[in-house]
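2 protein chains.
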Amino acid sequence: MDAPAVYRIALDVMGGDHAPHATLEGAAAALQRHADLHLILVGDESRMRPLFKHYGLIGDMAERFEVLHAPSVVTMEDKATCILKDKKDSSIRMAAQLVKDGLADGVVSMGHTGAAMVASKLVIGTLDGVDRPCLASVMPNTQGRPTVLLDVGANVDSKPEHVAQFALMGAVYAEEVLGVARPRIGVLSVGEEDGKGTELTRATSQALRELDINFGGNAEGRDIWNGNFDVVACDGFVGNALLKSAEALAEGILHGLKDSIMSGWLSRLGGLLAKSAMRRFVKKLDYAEYGGAPLLGIQGVSIIGHGRSDGRAVASGIRAAVLACEHRINEHIQASLHRMLPQAAPVGDGGNAA
Amino acid sequence: MDAPAVYRIALDVMGGDHAPHATLEGAAAALQRHADLHLILVGDESRMRPLFKHYGLIGDMAERFEVLHAPSVVTMEDKATCILKDKKDSSIRMAAQLVKDGLADGVVSMGHTGAAMVASKLVIGTLDGVDRPCLASVMPNTQGRPTVLLDVGANVDSKPEHVAQFALMGAVYAEEVLGVARPRIGVLSVGEEDGKGTELTRATSQALRELDINFGGNAEGRDIWNGNFDVVACDGFVGNALLKSAEALAEGILHGLKDSIMSGWLSRLGGLLAKSAMRRFVKKLDYAEYGGAPLLGIQGVSIIGHGRSDGRAVASGIRAAVLACEHRINEHIQASLHRMLPQAAPVGDGGNAA
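Line order of the protein sequences matches chains A and B.
Everything in the first sequence is counted per the working numbering, starting at 39 for the first residue and increasing by one.
Everything in the second sequence is counted per the working numbering, starting at 39 for the first residue and increasing by one.
Derived from the structure by calculation, the hints contain no laboratory data.
Just to be clear, a hint being listed does not mean it is correct.
If chains are identical, the list can't say which one is meant, so a pair holds when it fits in one copy or spans any two.
To be verified - Once the Cα atoms are required to be at most 20 Å apart in a straight line, the calculated SDA-like pairs of lysine to any residue come out as:
id: 1; residue 1: Lys321; residue 2: Glu289
id: 2; residue 1: Lys117; residue 2: Glu230
id: 3; residue 1: Lys138; residue 2: Asn252
id: 4; residue 1: Lys91; residue 2: Cys120
id: 5; residue 1: Lys322; residue 2: Glu289
id: 6; residue 1: Lys296; residue 2: Asn179
id: 7; residue 1: Lys234; residue 2: Ala118
id: 8; residue 1: Lys126; residue 2: Asp169
id: 9; residue 1: Lys234; residue 2: Gln244
id: 10; residue 1: Lys313; residue 2: Leu292
id: 11; residue 1: Lys321; residue 2: Glu230
id: 12; residue 1: Lys197; residue 2: Asp297
id: 13; residue 1: Lys234; residue 2: Cys120
id: 14; residue 1: Lys313; residue 2: Trp303
id: 15; residue 1: Lys322; residue 2: Thr236
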């Protein structure tokens, strides 16, 4: 299967705290950035169209996107499963349906995380051989490289075979999309020594140790940040707690530091002089630079972003979708699972995205 | 039982990366700070004594401590359980034995965490009615108040009744030692809504919801830092991962920011002007200000600190031990467990420390 010249990404324009403004702003930025991108803007047409001009979605660019009207939107008060019954006409459900129907290669949503996951898992469907899709988060580490932490919330109460699959899918993502050669894989645990951890971590490590991968054994919480591992696999419960804790802590530190610097005239002057250096560093940490988390293991590409995403974060999320398509992530995931766990994954048409 | 005028704390002088220097420095600082402190310095006498003068452990102060010679020390290569057989004469084991024998009210160690936990749990023993002791970490939150996260590593694969006890013990610690009135308790989960989480979190929440406590339901990773909860309870696996991740992330951010500021002359000048303001903030985050983590639920006081503790962190650890004694933490824990879970906790002499 040759890569298509153009990747068709369905954007849930109504999803996110700042939708449809942030999503349309991000859409325009992404179209400018990626020549091989075609967008399908899914949402309330009457709310989207009046904004096109403002966000520059006009002229030549208008050829590179189309609009699909979706009458309803999933709100934070809705249950994730509403898209299966009451809200089949919601923007996230209709965007996912495009992937299912082969009309789009991927979907990007900054809306209701649960609904986006249900839409991806149940409407688009999982890849053959994948027991459970998982959400991967790309973290910047102190070595200036990315660390893939997964699962960060698609599953709880995972079994060892699930976490082992998360690790393999994360390694494929690190290698193929992020360009990390032979990524070092770790299983998150409470100590470096082999025996340390839970029944889950020990059984997961045992399964991974037998495979032809660069397996580094147990990783600890600190290893998410120090570059000792390229991929850190865990159950979605702990990954989700880690991700949310890290976001809040990083923000708290930067705000606290700013408040402290702004509290005196001398330090305020100092802060002014150091501002661009501090900004440069903060940008490295900024979730908006990373955009969304890829949901790995589904029959297509799905990127799930932060509800509070701004235009830059939306553009980064679309970028993640384009990269996943360009690097044929699903073909590689299926090949890896087939090679590593031949009993689980039949080789075949690995979904429409890759 | 009246509070004794003086609290006798056994210090594992040989424990920690910078022992015996950091421990003796911390011992001297703690003796100066706490008039009601009497220290028992447990360690290799031939290595300790020559340093006493250097650290000011002389003159009047010499009346306020004594020395107990311990021939061996637990190293990082040792198994935690070595103190039960081969290394009964190690400084941590002998320090714990003093508490067991009623010769000390508490023990403080910056050494091998596992060995310190085994010594506390098995040599000193658990409080009546406590199924599993747990390690509590006091985190500074963005509201300028402390959040107690527990368990951060004493147990893995905990059951709901264990995590519920962790929550109650953490609440007692927050109220009695940290002075938080009617602390708001949360169970760490992956979403705010009641149903979100694992079998463990749902069952824990159900148990806590029935009690006369200020129970706030599910907490998320971010709630460790935002002050929404005073106490966040979880299994030791996830708590340990969260603690180690947070330490490494905070350090990474502060180092990265410093490097960025030092990379240009203008920002370096700015950094110089803002230095004291930044230091003031960093101090708030500094683990050395918090010292050690109290192991709650044992027949005495046990504070387990970071291996890399400096003198200031050791002094903070000793301070935590003194505070736990002063506030009769164990009496309150037993009363709380008896009141809340009458089937579990007989009221009685609640250990020798409190």
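(request) Check each numbered hint from earlier against the structure, then list the numbers of those it violates in ascending order. (result) 3, 4, 8, 11, 12, 15
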